[in-house]
Amino acid sequence: MPEPVDRATIEALRADFRARLSSSATDRDLQTLNDDFLGRRSGTVTGLLKSLGTVPANARRDIGQLVNTLKREIESAIHDRRAALASSRPPADAVDVTLPAREIPIGRVHPLMRVRQQVEDIFARMGYEVLEGPEVEDDYHNFEALNMPPDHPARDMQDTLYLNAPIAGGTWGAHMDPVPEAQVRAATLLRTHTSAMQIRYMKTFPPPIRIIVPGRVYRRDSLDLSHTPMFQQCEGLVVGPGITLADLKGTFEAMLRELFGDVRVRLRPSFFPYTEPSAEIDISCQSCGGDGCGTCKRTGWIEILGSGMVHPAVLEAVGYDPEQVTGFAFGIGMERVAMLKYGVDDIRLFYENDLRFLEQFPV
Amino acid sequence: MNILVSWLREYVEVPDSPEDLARTMSVRGFSVEGIESSGDGDAIVDFEVTANRPDCMSVVGMAREVATAYNLPLRLPASPAADSGTKEGKDGGVSDGVPGSVIDIRIDDTDRCPRYVGAVVDVHVAPSPAWLQARLQAAGVRPLSNVVDVTNYVLLELGQPMHAFDLTALAGGQIRVRTARPGETLRTLDGQTRAMTTDMLVIADGERATAVAGVMGGGDSEVTPATTTIVLESACFDALSVRRTSKALGLKTEASMRFERGADPNLPLVAMQRAVALLESIGAGTLRGAIIDRYPAPVQSRSLRLRRTRLAEVLGAAVPDGDVRRILRSLDFTAGADDDGWDVGVPTRRVDVTREVDLIEEVARHYGFDRIPVTFPPPAAAPRPLDPRIMRARQLRGVLTGAGFSEAVTFGFVAAAAAAPFAAEDDIVPIANPLSETFAVLRPSALPGLIDGVAHNRRRERRDVRLFEIGARFGRARGESQAVACAWTGLAAPAHVSGTGRDVDFFDMKAVVERVCETMGVTADVTSHTVGWLAPGRSAAAHVGDTRVATFGQLAREIAHTNGLSDDPVYVADIDLDAILRVGAERHIRVEPLPRYPAITRDLSVLLDDTLAAADVRQTIRHAAPATLIHIIEFDRYQGKGIPDAKVSLSLRLTFRSSERTLTDADAQTAMDQVMAALTAAHGAVQR
Ligand SMILES: [Zn+2]
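Residue numbers (the numbering used here), protein chains in the order written: chain H, 245 to 607; chain D, 29 to 716.
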């Protein structure tokens with residue numbers, strides 16, 4: 245025998261329906277809800293209607309009305325909710341936006357070129373002219389004019405690769421036309437630095453000058469963790485009246501802070517045949533903040549570039565008067581900068597062209 | 029240069045720890061390669077002595093620098109005062125070799141040997157005393173016998189290379205400093221027989237060469253346990269002569285390393301006196317007769333002018349006079365001040381100081397680079413235009429990375445075999461002294477390196493590879509030139525849920541070449557072009573006028589195979605940037621008015637011989653059509669069912685437009701009739 249139907253039962257059913265309606269989010273949920281309350285066989289409201297006979301006659305009419313009201317209420321609520329669901333369904337041509345994008349292939353600039361462009365930009369903003377020169381050079385421009393006559397011991401510092409017979413050298417700078425007669429010399433070696441270009445430039449233009457020459461240079465070094473037989477240098481030269489060692493210092497404090505962030509910069513006396521005084525320039529070690537660690541060999545400093553005041557013999561070789569003008573010159577290795585900046589500990593990675601390496605650098 | 033700190037402290041009482049000493053000296057021009065502590069506060073510090081400072085290749089030399097850095101006095105090792113002249117006698121007297129000496133010393137070549145000091149010492153060869161052995165060992169030198177140990181001790185202490193000959197091995201009691209005779213050979217101390225050439229300086233006895241001057245002694249006159257009398261040598265040899273001999277013989281020694289950088293001609297006698305005093309003090313021997321000093325043209329110290337204004341001009345700092353004087357004098361220069369500066373006398377050991385600027389460096393070094401102020405060079409002149417190559421490289425980098433290519437950097441030299449397919453044999457430039465076969469010749473193209481890069485990535489399970497490189501390449505005929513090379517294998521269109529991917533083909537690489545040309549402002553015509561490094565039938569060249577600007581296509585299968593790239597085709601391009609720059613006109617950008625009338629298109633399908641190039645068909649159409657033809661595009665090319673053998677069905681869409689009026693159907697029909705007639709006439713085309 246079904247339970248007798250009274251107002252309390254009806255109110256309880258209404259509350260139950262409201263609760264379940266609010267948690268019904270799909271068509272499937274609504275169908276179940278419909279079946280549970282209005283199903284022809286086992287719907288609870290249907291059951292109430294069926295059992296109206298058990299209600300005392302004097303209350304039957306009122307109770308019957310109440311049950312019918314509940315039934316209509318439920319029908320209408322389910323209908324409304326179905327309509328609402330239908331209106332929020334994605335259109336037939338909708339896509340799943342969480343699927344992967346169709347790739348637009350994009351390559352990466354080589355990290356050494358990335359660094360080189362940065363260095364070029366810093367100097368360009370300081371008013372330097374940026375130019376390239378030939379990679380095969382003659383002995384005069386690579387050594388002799390730079391105060392390294394034949395048999396000079398400093399030539400040992402730069403173990404040179406020679407060609408088995410001379411060839412024509414490349415063009416330089418904006419000078420795509422034949423270079424002046426005095427500069428046409430058959431190339432016999434792979435340049436060991438880009439400083440050769442400084443000679444050509446000074447022989448072509450009067451002071452003041454302010455240039456950098458980025459490019460590939462060669463040494464007879466075997467491949468290991470920190471050496472490659474070819475590497476990327478950027479050498480520079482400033483010549484004019486009143487250029488001092490203090491200017492060199494100021495230039496590199498500014499330049500290295502821009503390149504590496506907040507570092508301290510120091511100059512250390514050194515020796516290069518084409519500069520006097522000569523200085524190595526160090527930056528404070530960023531791994532340890534200058535306290536000393538493995539990276540900086542416990543010194544707190546990392547050597548980053550070689551520099552110095554242009555040797556008067558070099559100025560004389562190009563016809564400048566060292567009494568009238570002074571200058572400074574420098575050379576910075578892109579590999580060294582890139583290794584420090586990007587945490588690369590094996591220089592050979594730059595020359596393997598492994599896409600797993602290259603693609604770690606941003607587009 | 030390994031310096032034992034306790035030894036150094038004998039000459040300068042530096043209070044610092046070895047670590048602090050190293051730190052101080054590294055900002056005075058002597059980097060420290062390493063510190064090896066021996067406990068008890070002592071250590072060996074490995075100072076890097078630059079090539080210009082042979083005078084610092086000794087304990088005393090470094091002590092002088094340390095004394096200057098710390099502003100401390102320098103105490104030189106004790107040795108008898110150097111008597112000069114010709115007097116003969118015992119007790120360290122000096123002679124120029126008067127007749128009657130036990131040994132007869134003559135310098136035949138005073139250019140290569142400006143000074144030779146010799147001494148005859150009666151010796152008792154035995155092990156050195158313990159203190160001497162210990163000190164040599166601490167400095168990293170193996171003790172041998174008292175005589176040899178003393179020569180090594182003086183070398184380390186003063187930097188003067190010395191040598192001891194067994195007197196009995198010197199024929200005729202003679203020492204001749206001369207160049208080697210033709211065909212002369214000599215067995216050096218290391219047991220090797222050396223063939224000498226006539227430009228090499230030797231120490232000879234009355235008959236034959238017995239030592240390579242300034243490089244290494246001879247085995248036949250070596251001091252042995254049986255030796256009773258020695259001739260000690262303390263000489264000065266010409267730097268260039270020693271350097272050339274050492275290089276030619278492939279023989280680098282402690283002696284040659286010092287001589288080839290430049291020796292102090294006034295050190296040999298001091299060193300000889302020190303050596304004799306040491307031998308006598310340890311009971312190893314007694315000087316017989318006088319020390320013989322052959323020094324025909326004594327070298328005077330150089331004097332230089334240091335101007336106060338110049339010092340400030342170079343450094344950008346006014347160094348106080350007191351500091352200038354103190355630094356120079358501490359380094360053993362003389363410095364007499366006057367109103368404008370100083371007259372400076374340069375010690376003969378300072379072969380590196382030849383000009384005023386060298387003195388400025390000495391002052392700056394010990395004044396401290398850290399005390400130089402920081403300034404900035406003022407703007408000098410309007411900058412000159414940028415090197416067009418640098419702008420070009422930047423543009424190409426942007427375009428090629430945008431096309432999915434990553435930038436590679438490969439070496440400028442490659443193995444001969446890798447270069448061979450890319451240039452004629454006589455155009456390859458070999459390196460005279462290559463490091464290895466891998467780096468034997470200059471690259472004729474960047475492609476061998478890029479192909480290697482593609483193979484490297486393929487071996488690491490990376491199927492899709494696009495690489496490019498911008499840079500120099502070399503040929504005997506045209507020298508150095510600039511090019512960009514590209515290599516592409518694997519997918520062209522990536523796979524996606526919406527459809528499968530597509531592998532690269534010829535037309536993808538053609539697009540890259542055209543894009544590069546376009547970037548550089550030239551329009552190239554592509555024609556079939558056969559070249560050994562490209563697969564037949566898939567190789568092409570791009571021309572601007574008569575100038576070839578690019579060669580590209582599918583990499584020849586043999587080259588791909590050699591590099592382990594047989595699985596999928598590799599497409600490559602070599603683009604000549606110098607050629608493009610030569611033919612490219614400067615770009616003046618002028619806009620044209622936008623069209624005012626609509627265009628009209630017509631399609632055309634024709635049967636043609638399948639060997640006929642599409643470019644020829646287009647050419648015929650262009651000639652036949654009126655000027656209103658503005659565009660032709662092939663949209664289908666079909667061979668197979670329904671098409672006769674050796675024929676192809678080619679479908680083209682032609683677009684016409686006039687700048688004066690709207691074209692009519694009749695206009696288009698007339699044009700198409702002309703086109704069809706021309707195609708039939710020129711190529712036997714049949715309309716489908
Ligand atoms: Zn550190």
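In short, the hints are calculated from the structure, not lab data.
Among the hints, a few may not be true.
[What the hints assert, rightly or not] Once the Cα atoms are required to be at most 20 Å apart in a straight line, the calculated EDC-like pairs of lysine to aspartate or glutamate come out as:
| no. | chain 1 | residue 1 | chain 2 | residue 2 |
| --- | --- | --- | --- | --- |
| 1 | D | Lys275 | H | Asp395 |
| 2 | H | Lys541 | D | Glu47 |
| 3 | D | Lys280 | H | Asp395 |
| 4 | D | Lys675 | D | Asp637 |
| 5 | H | Lys541 | D | Glu76 |
[To be verified] Not the full set, but computed from the structure, chain H residues with beta-carbon under 8 Å of chain D:
| no. | residue |
| --- | --- |
| 6 | Arg501 |
| 7 | Glu502 |
| 8 | Leu503 |
| 9 | Gly505 |
We put the CB at the ideal spot given by N, CA and C, even for glycine.
Status of the hints after comparison with the structure:
1. D:Lys275 x H:Asp395: It holds: about 10 Å lies between the C-alpha atoms, which stays within 20 Å.
2. H:Lys541 x D:Glu47: 12 Å, holds
3. D:Lys280 x H:Asp395: With a Cα-Cα distance of about 15 Å, the restraint between D:Lys280 and H:Asp395 holds, given a limit of 20 Å.
4. D:Lys675 x D:Asp637: 4 Å, holds
5. H:Lys541 x D:Glu76: 15 Å, holds
6. Arg501: Where the cut-off is 8 Å and the nearest Cβ of chain D is about 12 Å from H:Arg501, the hint is violated.
7. Glu502: 13 Å, violated
8. Leu503: With Cβ-Cβ at 16 Å, over 8 Å, it is violated.
9. Gly505: With Cβ-Cβ at 18 Å, over 8 Å, it is violated.
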